[in-house]
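Numbered per this note's numbering, the sequence shown spans residues 84 to 297.
No wet-lab data here; the hints were simulated from the structure. No incorrect hints appear here.
Distance windows between CB atoms, simulated:
1) D114 with S134: 17 to 27 Å
2) L152 with P262: 22 to 32 Å
3) L152 with G239: 19 to 29 Å
4) E187 with R108: 43 to 53 Å
5) T141 with P95: 15 to 25 Å
6) T261 with T141: 30 to 40 Å
7) T138 with R165: 26 to 36 Å
8) S156 with T198: 23 to 33 Å
9) P123 with L152: 15 to 25 Å
10) D114 with T261: 53 to 63 Å
11) V280 with G239: 24 to 34 Å
For glycine and all other residues, C-beta sits at the position ideal for the given N, C-alpha and C.
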Amino acid sequence: YVSTGHLVYLSPDGLIRAVGFDAERLRVSGDPVVLDDRIPVTFGGAMMALSRDGTIVTAGATEHRVLELVSRSGRAERIHSRIADFADPTLSPDGRRIAVVMDEALWLLDLTQGTLTRASSDSPVSRPVWAPDGGRIAYTRQTGPRMDLRVVRADGSAPPDSLPIPRPVLEPWEVLFTPDGRGVILRTAGGIGSRDVFYAPLDSAVPARPLLDS
Numbered sequence: 084y085v086s087t088g089h090l091v092y093l094s095p096d097g098l099i100r101a102v103g104f105d106a107e108r109l110r111v112s113g114d115p116v117v118l119d120d121r122i123p124v125t126f127g128g129a130m131m132a133l134s135r136d137g138t139i140v141t142a143g144a145t146e147h148r149v150l151e152l153v154s155r156s157g158r159a160e161r162i163h164s165r166i167a168d169f170a171d172p173t174l175s176p177d178g179r180r181i182a183v184v185m186d187e188a189l190w191l192l193d194l195t196q197g198t199l200t201r202a203s204s205d206s207p208v209s210r211p212v213w214a215p216d217g218g219r220i221a222y223t224r225q226t227g228p229r230m231d232l233r234v235v236r237a238d239g240s241a242p243p244d245s246l247p248i249p250r251p252v253l254e255p256w257e258v259l260f261t262p263d264g265r266g267v268i269l270r271t272a273g274g275i276g277s278r279d280v281f282y283a284p285l286d287s288a289v290p291a292r293p294l295l296d297s
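When you get a sec, could you build the whole thing from the sequences and use the hints?
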C-alpha cells in the first residue's frame, strides 16, 4: 500500500499492477493498471522495492550486467569488458578465478589473463561453489521441474558429473563443500520438510543425514 491510495502487487501473469484502495473501508476501487512490464520477476517475486509515496526502485535488464570487484572502501573495479546476463559470481579459494553463470551456463573468468571460458555444457545452472582446494566446482542444474547437483573439474579435464550423494534428499536447491572437501551441506526445497539442511559425505556410502529437519 502506498500513500497515493493504491495497492501495488505482482499478478499471476508476471506483471506489476496497481489498483485504487480505500484504507478505511478496505475496498478496492476502479480497474487495475499495469505499472511497468519491464520489471524483472524471478521465483515468483518482483525485483523491486517500493517507497511509501509510490516510488519504485528496480533492477536493470539482466542481460546488461558487468562484473566488478568492490573494495571495502567502496571502490569498484570492472574486471571484464563483456556485458551479459552474469549471475552468481564466486571467487576461487586462491582469488585468481571467478565461477559465474552466463547465458544459463557455467563460465570461468581468469583474473590474471582476463579470459572468459565456458566450463560446463549443462544448462540452466545456478549457484556455483568452489571446493576448498579449488579443483572442483559444484552447482545446481534444473532438469525439467527438478534440480540436480553437479560437479565439474576446474581445469576442464573431465566432463561434469552428478555429485555422488548416497541418497536423494527431496529437492536439492543449494550446496556447499565442507572445509575438508569430503562432504557437502545441502539445502533442500519443495515438498514437506522444504528448506531443511542435510550433510552428505562424498567418500562413503553413508546416507545423507539431516542437520536441520524442521
